[in-house]
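Given the sequences, and given the hints that come with them, work out the whole structure.
Sequential numbering from 1 applies to the sequence shown in our numbering.
In case anyone wonders, no lab produced these hints; they're calculated from the structure. A hint or two may mislead.
[What the hints assert, rightly or not] Think about it this way: if two alpha-carbon atoms lie no more than 20 Å apart in a straight line, the pair counts; the simulated SDA-like pairs of lysine to any residue are:
| hint | residue 1 | residue 2 |
| --- | --- | --- |
| 1 | LYS35 | GLU24 |
| 2 | LYS162 | GLY125 |
| 3 | LYS34 | ASP54 |
| 4 | LYS35 | GLY5 |
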Amino acid sequence: DLGCGTGLMVPALHEVGIVFARMEGVDLSPEMLKKCLDKGPPGGVGYDRLVCGDLLDVFSASVVDLIDSNAPRVNIEHPQTESVAASGKPQEVKDHFDLVLAADVFVYVGDLEPVMRRTANWLSGPRALFAFSTEAPLPRVGTDFPCPGYELTETGRYRHFKEYVSNT
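Written out as structure tokens, the structure reads:
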């Protein structure tokens, strides 16, 4: 769960009967992750691993620092970005993901190429899924989408053009 915040995604998935053997989340904000942990039983609201860092940090297998020792099952990890293989690919099959989610996250990211590429490397196979949302720009009559394919709005959120997302 990229940009998991306070952990809204796992309970929503459980409500519709979607349960995974393992669920991991990443968020930039340690405060949001702490709220996620505080919401429920050990492990917060259903995460097996919470990573405090950039979206790409969840694709790291090693841990530098574990905080929040009060949670018996799940800690918030601060991985070393150097620990990710140079290729950006997982070292073992068990490290692959069947599903990667990014709901209301890409409005804070302009260039989607790095996260799309890294996610594709970590998906478990042809049936794996990367589900995400983007905010579309207002329609423009008679113009092509601008390079680089996204725009920053006056509210500080990014809008991504359909063609850019499809091509990325």
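We went through each hint and held it up to the structure:
no. : hint            : in the structure
1   : LYS35 / GLU24   : holds (15 Å)
2   : LYS162 / GLY125 : violated (25 Å)
3   : LYS34 / ASP54   : holds (16 Å)
4   : LYS35 / GLY5    : holds (8 Å)
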